Structure formats: structure tokens, C-alpha cells
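Novice: Residues per chain are reported as follows:
There are 2 protein chains.
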Amino acid sequence: MSSIDAILDQVDANLPASLDRFRRLLAFPSVSSLPEGAEAIAACADWLVEELNGLGLAARVMPTAGHPMVLATSPRRAGRPKVLFYGHYDVQPAEPLEAWDSPPFEPRIVEEDGLRRIYARGAADSKSQFWSVIEALRAWRDSAGELPVDVTVMLEGEEESGSASLSDFVTENRELLACDVAFNSDSDMWSPDRPAITTRLKGLVHEKVTINAPNGELHSGHFGNVAVNPVQVLTGILSAIHDDRGRVTIEGFYDGVDPIAPDLRAQWEALDLDEALSGVSVAGGPREEGPGGEKGPGVVELMWGRPGVDFNGISGGNTGPSERSVLPASAYARLTYRLVGRQRPEDIRAKFRKFIETRLPAGCQVEFEGAGGSTAVSVNEASPYIAAAARALNAEWPEPALIKGTGGAVPVVGLLTEQLGVDCITVGFILGDDAIHAPNERYDVERLHKGIRSWSRILSELAGSNAA
Amino acid sequence: MSSIDAILDQVDANLPASLDRFRRLLAFPSVSSLPEGAEAIAACADWLVEELNGLGLAARVMPTAGHPMVLATSPRRAGRPKVLFYGHYDVQPAEPLEAWDSPPFEPRIVEEDGLRRIYARGAADSKSQFWSVIEALRAWRDSAGELPVDVTVMLEGEEESGSASLSDFVTENRELLACDVAFNSDSDMWSPDRPAITTRLKGLVHEKVTINAPNGELHSGHFGNVAVNPVQVLTGILSAIHDDRGRVTIEGFYDGVDPIAPDLRAQWEALDLDEALSGVSVAGGPREEGPGGEKGPGVVELMWGRPGVDFNGISGGNTGPSERSVLPASAYARLTYRLVGRQRPEDIRAKFRKFIETRLPAGCQVEFEGAGGSTAVSVNEASPYIAAAARALNAEWPEPALIKGTGGAVPVVGLLTEQLGVDCITVGFILGDDAIHAPNERYDVERLHKGIRSWSRILSELAGSNAA
Numbered sequence: 000m001s002s003i004d005a006i007l008d009q010v011d012a013n014l015p016a017s018l019d020r021f022r023r024l025l026a027f028p029s030v031s032s033l034p035e036g037a038e039a040i041a042a043c044a045d046w047l048v049e050e051l052n053g054l055g056l057a058a059r060v061m062p063t064a065g066h067p068m069v070l071a072t073s074p075r076r077a078g079r080p081k082v083l084f085y086g087h088y089d090v091q092p093a094e095p096l097e098a099w100d101s102p103p104f105e106p107r108i109v110e111e112d113g114l115r116r117i118y119a120r121g122a123a124d125s126k127s128q129f130w131s132v133i134e135a136l137r138a139w140r141d142s143a144g145e146l147p148v149d150v151t152v153m154l155e156g157e158e159e160s161g162s163a164s165l166s167d168f169v170t171e172n173r174e175l176l177a178c179d180v181a182f183n184s185d186s187d188m189w190s191p192d193r194p195a196i197t198t199r200l201k202g203l204v205h206e207k208v209t210i211n212a213p214n215g216e217l218h219s220g221h222f223g224n225v226a227v228n229p230v231q232v233l234t235g236i237l238s239a240i241h242d243d244r245g246r247v248t249i250e251g252f253y254d255g256v257d258p259i260a261p262d263l264r265a266q267w268e269a270l271d272l273d274e275a276l277s278g279v280s281v282a283g284g285p286r287e288e289g290p291g292g293e294k295g296p297g298v299v300e301l302m303w304g305r306p307g308v309d310f311n312g313i314s315g316g317n318t319g320p321s322e323r324s325v326l327p328a329s330a331y332a333r334l335t336y337r338l339v340g341r342q343r344p345e346d347i348r349a350k351f352r353k354f355i356e357t358r359l360p361a362g363c364q365v366e367f368e369g370a371g372g373s374t375a376v377s378v379n380e381a382s383p384y385i386a387a388a389a390r391a392l393n394a395e396w397p398e399p400a401l402i403k404g405t406g407g408a409v410p411v412v413g414l415l416t417e418q419l420g421v422d423c424i425t426v427g428f429i430l431g432d433d434a435i436h437a438p439n440e441r442y443d444v445e446r447l448h449k450g451i452r453s454w455s456r457i458l459s460e461l462a463g464s465n466a467a
Numbered sequence: 000m001s002s003i004d005a006i007l008d009q010v011d012a013n014l015p016a017s018l019d020r021f022r023r024l025l026a027f028p029s030v031s032s033l034p035e036g037a038e039a040i041a042a043c044a045d046w047l048v049e050e051l052n053g054l055g056l057a058a059r060v061m062p063t064a065g066h067p068m069v070l071a072t073s074p075r076r077a078g079r080p081k082v083l084f085y086g087h088y089d090v091q092p093a094e095p096l097e098a099w100d101s102p103p104f105e106p107r108i109v110e111e112d113g114l115r116r117i118y119a120r121g122a123a124d125s126k127s128q129f130w131s132v133i134e135a136l137r138a139w140r141d142s143a144g145e146l147p148v149d150v151t152v153m154l155e156g157e158e159e160s161g162s163a164s165l166s167d168f169v170t171e172n173r174e175l176l177a178c179d180v181a182f183n184s185d186s187d188m189w190s191p192d193r194p195a196i197t198t199r200l201k202g203l204v205h206e207k208v209t210i211n212a213p214n215g216e217l218h219s220g221h222f223g224n225v226a227v228n229p230v231q232v233l234t235g236i237l238s239a240i241h242d243d244r245g246r247v248t249i250e251g252f253y254d255g256v257d258p259i260a261p262d263l264r265a266q267w268e269a270l271d272l273d274e275a276l277s278g279v280s281v282a283g284g285p286r287e288e289g290p291g292g293e294k295g296p297g298v299v300e301l302m303w304g305r306p307g308v309d310f311n312g313i314s315g316g317n318t319g320p321s322e323r324s325v326l327p328a329s330a331y332a333r334l335t336y337r338l339v340g341r342q343r344p345e346d347i348r349a350k351f352r353k354f355i356e357t358r359l360p361a362g363c364q365v366e367f368e369g370a371g372g373s374t375a376v377s378v379n380e381a382s383p384y385i386a387a388a389a390r391a392l393n394a395e396w397p398e399p400a401l402i403k404g405t406g407g408a409v410p411v412v413g414l415l416t417e418q419l420g421v422d423c424i425t426v427g428f429i430l431g432d433d434a435i436h437a438p439n440e441r442y443d444v445e446r447l448h449k450g451i452r453s454w455s456r457i458l459s460e461l462a463g464s465n466a467a
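Sequence order for the protein chains is A and B.
With numbering that gives the first Met the number 0 applied, the first sequence has no gaps in its numbers, which climb one by one up to 467 at the end.
With numbering that gives the first Met the number 0 applied, the second sequence has no gaps in its numbers, which climb one by one up to 467 at the end.
One should not assume that every hint holds.
Said to hold, decoys possible - Only pairs whose alpha carbons sit at most 30 Å apart, straight line, appear in this in silico DSS-like list of lysine-lysine:
hint, chain 1, residue 1, chain 2, residue 2
1, A, Lys-207, A, Lys-350
2, A, Lys-353, A, Lys-81
3, B, Lys-81, B, Lys-350
4, B, Lys-81, A, Lys-207
5, A, Lys-353, A, Lys-207
6, B, Lys-353, A, Lys-294
7, A, Lys-353, B, Lys-81
8, A, Lys-353, A, Lys-294
9, B, Lys-350, B, Lys-207
Unchecked claim - Part of the chain B face toward chain A, derived, beta carbon under 10 Å:
hint, residue
10, Thr-72
11, Ile-108
12, Val-109
13, Gly-113
14, Thr-209
15, Val-227
16, Pro-438
These are computed hints drawn from the structure, not numbers from a lab.
Fair warning: this is a prediction, and the values are worked out from it, not measured in the lab.
In this text, a Cβ means the ideal position worked out from N, Cα and C, and glycines have one as well.
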């Protein structure tokens, strides 16, 4: 077997070609939550199959009830660890398009701040993440002639629209997916110099609530202050969801939430907040008085250890460019709940809906949209595979890997853990200022490079772990 | 002089042609608050000048700093009352277009509920109103060979966008507009059988408030419950504007608001609420517990005698068709204040802005949009011209004219009263279910007909008042 240095040389030499392929991947507008994304999703899946076949894996598109899964397996050899790599090739919608400095599906490279930044929807979340794995597999094959472990690559096409088919797919294909350890690449670093292995993941519940008045739109001069106003009803109810300390007032919301152990809290409080926040301001947040978040817990505990609810959007009545004296007919809000511990999605959803219904004025009607969701997951931090991944990361980056949590939901982790009975280890290289889910999403060539090197080293460590 | 019966016969005979001309008027998309409306505004003004010239008036388009005014005067004859008629030919935006059953500027007549309904933006507010005056002038000229009084017709082109040029126009053209009495046709009836003369008009202040977070859009999984959320800030502040009895909590808001005299309140409380509301539900309003409006005062007092603030629109964050885990960068709301008594627009605006600013969390910024506004007006109810108008209306309609108030702002009334030193009498035939300012705005041919007859009778009574 080739030494890791030869593999890494191969990664370095391959970089321009790796980048070219990455840009082709980014050009697919594979938006999973909009009907117009379906064609690009299918085209992207076909392209990925071709790429993976080209690496000597047996790859195919596998249909689901929603968008297809891409699955690829390397030839099996007895006595080697079987490693499953998960990623997702779908992306968030790019709207509002006018907020982008260049078209979101025409990847543009800009030299700025000493980096070569790649601007595109999906540049960070999550195409760069699984593509780094694939380029690491390529470097191994090109340099060593074969992969050091048995590999399964599983790429999802509907992570950004709620992963509706994922659970059925994993359950129905347990045999095919069987492995010794799974890796989820859809994740972030702690700071530009410090990689991370994420072991605590929050659960997620999406809800949309619409309040309808008993009337259509009315002239607010005639019927204002008389007929019920759904914007007033909605803002009133939403404002009641948090108390003046930022705690959620929904009855029973904190059931199943355990306090953070003092030693863990101490570790979290020792972390550098500027690194945790990657340039994001929390003015108005828990470091000052204001409604930025729950008061009391520190920033890191809020991010990794406390549940909450966030208002993602609101709309009602006159949202046009000019004044209009109208009493709206309806108003809606979108919210996400982030769960920890033993909070269950269906329980939180029911409690929220009851909270709204009991506050609904006479004559109004409420509609809810939202289904499914995920529970929180904690990965066994004593796993030898975590140790292997940490050794690899520590060799590549200036600072040692941090074992951390995340507020972002990654339902696949809980699912693979539960269905395959293995540790699912989350390693990725997204940073807080990559503008994921937002206009002008970006990544940089330097991180793509070090990400490929990191996965090349992780493959080496996994092979070594087995040999040891 | 022709008897009024001959004039009314002429109105009846003219109706099909009157309706044809009305439909041509409705076809101009004369939206004053959007840049794309300017061309139609200009074309509509030209068309009106041609129509008024055709009636023997000297008509012209008079430019303003905004949209043009149409002014027309009949030949003057000594010893006759000079009567000014005000109307506005601009309309509200028609958005959201998809909520209309037919295109808003392609007037469509539908026979339903025993009526011939005309669907179009402006069908009620306010093209039908001044067009009824013009067709009454036509009937007088066609039947009697001349108008019974000296007439000035003044048609505004920016009433629906705040009447920014109106004050300057009236002030600068006081000589030209000099008259014995002014009529404002932009108004409503009490019920389908009962006309009304409106003597109490509320003032109006439009405001838009935008809350900006210190960050752009963020992933709500990573930064939710930590970074400040402008939707949460905005909903929190808006919900604090009303107390649990629906009263406005802004300090000093009710300064200059006098209680309603007991005898006037008794008259108002004796009115038929179903008629006042024209089919509009106030479930959730003051007839039941809920946030529909201020608790305590009756519905009519709220509509005509109490000030208030209404939320016209709200928007922020993800307003797209699908789920998106985003922490918004900003959120805005549009509000209108309705003033009574001695409340001043500039004072209310300043108090509102202070209310927001003192509640703004650290790190957030606020932007306000809004200027001008109008104070409330009360017309002298002992005016002999009110008596003349009431006699005319009582002769035409099944029930006698009601002397009433309105919550809709009609700044022109205060302006003409003040600048011309005359009574400005408000008579119109809009009904509560005409869907003004809303999709599927409508009027009916029967009301157009009786409106023209009413104005024909008012012209007769005004001529008679003078002779008496």
C-alpha cells in the first residue's frame, strides 16, 4: 500500500482537475424543494453515477418516492473495514435571486481575503463536502491503484426538502448499506484552523401556520379596529411563544430536556466565542439584554445543548411596493423547532398547534402545514473510528479536532445509527460565514483542497485501524 | 328650467350610453402609486378632458409635482350658486392579480344576486362616484339645455397614493376654485336602501417600519436562538402596540381625543349594525372577546369616533413556497393610524417612532418610511347645503339620508373647507361589500343609475336653494 504522503501528493497534483469537476457539479440547479428543480436533480444524479463508475465503483441511481438516491459500492475484499459515506447533492432554493452578486448556478471564483472563493448555491452546503470524499477516493485509486477500505457512497437528493424518502430507503436497503462505520460529510468546522467531529445533533420540526380572518381583504379605514386583523392575531400569538427571558412558553416544551452536565458546560464555556460565531454578531443576543435568544445559557450551550424555536418567515396583507389601506384576509409564519434530548417531533408539533388553537379569536380559522421531523442524536464519543478520524484531522490542520455539537439537523445520523447499528461520525468543513441557505453562498479552493487531503488521511487511518 | 322629472327621464334613457362610457373609464389602469401607472394616469386625464369639453365645460389637464389634476368649469352666470365637485380618477394597485376572477382593467358585467355587477379596479372607489356626477351634468345639459348651477369639476390623480400635490394645488389655485359649496363624491352609503351624508372624517398617517438585524440571513440551525431575529423583534414590538383591551399603548396617543357626547353615542348605538357592516363579520371583534378591535366602544363609535392603528401588511425572511431554515436579515410592517379630534399626524408619527426606537434590541437598526398625513375633519351639520342634499337623496332612495361619520380618510374635505372657506359635503354610494382596495372590486349598474339620478336631484335642489 502506498504511503499517505504519495496519496497526498496525488491530491495536490489533481487539484485543478478536482476543481473543474466540482464546478461542473455546482452548475446543476438541483433544488429539491421546488418542482422546477426535479430535472436538474435527475441530471445531477446521472452525472454522479458516471463519475463514480469512472472511479471503479458500481454506481447507480435508485428511485425513491421523492428524488432519487445515488448509491455506489467498491469491490469487496475480505478482512477490510466497510465504510459508508453519506452526502447530499440537492441544494436549498437560491431565492431571492436579486440578492446574489452572480448567478447562483454559474460558479464564479473570486480572489479575496487571501482566498480563492467559489460563489454558488451548494458551494458549501453540501456539494463541496461529499465531493471532497469522492476526490479522496480518486487520489487513492490513482496513486495506490485501489481503495484502502471497502467503500459505499450514498448521496441523497432531498436533504434540503425534509428527507421524506430517506427513512424508507435506509430501512428497505439495510443489507445493501451494511457497514462497520458510517461517515456523514454534511457538517462544519469549528474555525478556519480547527476541524471538528460533531457528536451532538439537534432534532428538527418545520411548521407553517396560517391565520385566516372571517372576511376577505377589507378597507382598513372602514373596518380597521373593528373586524379582526390576522396580522395582529399572528404577531400577538408569535410574541407569546417566548417569555421575556427568551424561554419557550409552550406548555411541556422542555419535557425530555436534561440539563447539561457541569463538566461539559465548562468545556463549552472555555471555547473561543469569536471562533464559534465565525463573524456573526450576537448583538441583541444573550451577551446583551434583548431578544436575540434565551437568556442564561452561554452561546455554545444555546447552539449545541438547548432547544428552541425560530421564526423563519412571516407574510400577510400588503407586501407590495406602495401604501395600501387594507385589512389583511390572512397572515402566515414559518417556524422551526430545534430539539434536544428526548423531545419528540410529533409531541412538539401537537403542543405548538394546541398553543395556537387555544389563542385563536372567534371567527378566525387556522391552517397548519408540516409533517415528520427528526429527534436529536448523540454519538458514542468513545468510538475507535472517532479516534481514527481525529488522528487524521489532527495531522492535516493547524489545530486539533474539536468534539462538538451542532444546531443544524442531520436526520441521517440518527437513522444510520439506528438502522445499521453502527456509529455515524460527522465530519465536514463548512464555516459560519459560508452563507449557506443564503444569497452569495461560498466556499474556497483552499478548504476544498484540505478537505480532500483530510478524507484521504481518514481513509488511511481507517485502513490502519483495521490492520492494528 | 326643466322639471326634475324630465331630467330623470333623460338619465334613464341615457343609462346604456352612460354605462358604456363608464366601462371605458374603468379600462384605464390608472394606478397612482406605481411607476407603471403614470402612462394610464395621463391617458385617463386626457380622456376625461375630452369628455368634459364635450359637455360644454372648459376642461384642461393641470400639471402638479405628481400626477395631473383635471379641472373643468362651466360658463359662469351671475346670481347662481357656484358648486365645486371633487373626485379622483386614480385607483389602488390591483395586486395580487391572481386573486381576481377576471382582469382588473377589463370591466366585466355579471348578473348575480338580482344585480348587474361591474367587476374592475376602481369600479366603486372612486370612478363610479365622480362619473355619476358627470353623467348627471350630461342629463341636465341634454334635457334642459344648460346646467342649473355654475359648476367646477376637480378630479385628482393621486388620491390613492397620498395626495402629495393636492394641498399645494388647492392653495395655489384658490381663485380658480372659488365656490359657494364643495361636494366630495368619494364616499359611501349607509346601506343599500339608505344614502348618507358624511360629516365626520378621520385623519390618516401611513407608516412603514423595517427592522434590520446586524447580520445578513443566517442558517437558523446554527444561529437560531443565539443571533437576534428581526421577525421576532418586529412581532414582539407590534404586539406591544395594543393592550389586552385593544387600546393603543403608545404614550400620548389619545391626547386630543374627546369622548363622544352621550346623545351622539345614543344615536350611533340605535343604528342597525348589520347595515353598518354590510355583511362584514366582526367575529373576534368587539362584539366578542378577541383582538378584533378596541373593547368597550360600540362598533359605530369605533368606526366613526375612535382613533386606532391597523397593521396593513408584514413581511420578513422566507416567504417562498417551501421550507427554508433561515434566520431572516430583516422584517417590515406597514401600519395606518386613523385619527380623530385634535390628533396631529406629525405628533402621532413621532410618538410611534419613539415607541419602536426605545424597544429596539442592541445591534438592530430601524428604518421608517412615511410622510405627511391628514387630520380629522368635522363639517358643520347645520349647513343649508346639507339640507338641500338630504332633500334630494330622500326623494330618490327608499330610506332617508343618514348624517354619519367614516373611518376612511378624505384629506380633500379638510383642505377645501380650510382653503376655500366653504362647507365640503361628502355624498357617495359605495357599499361595504364593494371590495374596494381588494381583489374583485365591484359596483352595480343599479347603483350607478340611482347615483346619477341622485346627483341630478342634488343639482336641482342646489339651484332651488339659491332661488329660495
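Novice: Each of the hints needs a verdict: does it hold here or not?
Specialist: Checked hints:
no.	hint	verdict
1	Lys-207/A - Lys-350/A	holds, 14 Å
2	Lys-353/A - Lys-81/A	violated, 46 Å
3	Lys-81/B - Lys-350/B	violated, 42 Å
4	Lys-81/B - Lys-207/A	violated, 59 Å
5	Lys-353/A - Lys-207/A	holds, 14 Å
6	Lys-353/B - Lys-294/A	holds, 26 Å
7	Lys-353/A - Lys-81/B	violated, 64 Å
8	Lys-353/A - Lys-294/A	holds, 25 Å
9	Lys-350/B - Lys-207/B	holds, 14 Å
10	Thr-72	violated, 31 Å
11	Ile-108	violated, 21 Å
12	Val-109	violated, 17 Å
13	Gly-113	violated, 21 Å
14	Thr-209	violated, 12 Å
15	Val-227	holds, 3 Å
16	Pro-438	holds, 7 Å
Going down the numbered hints, you'll see the structure goes against 2, 3, 4, 7, 10, 11, 12, 13 and 14, while the others check out.
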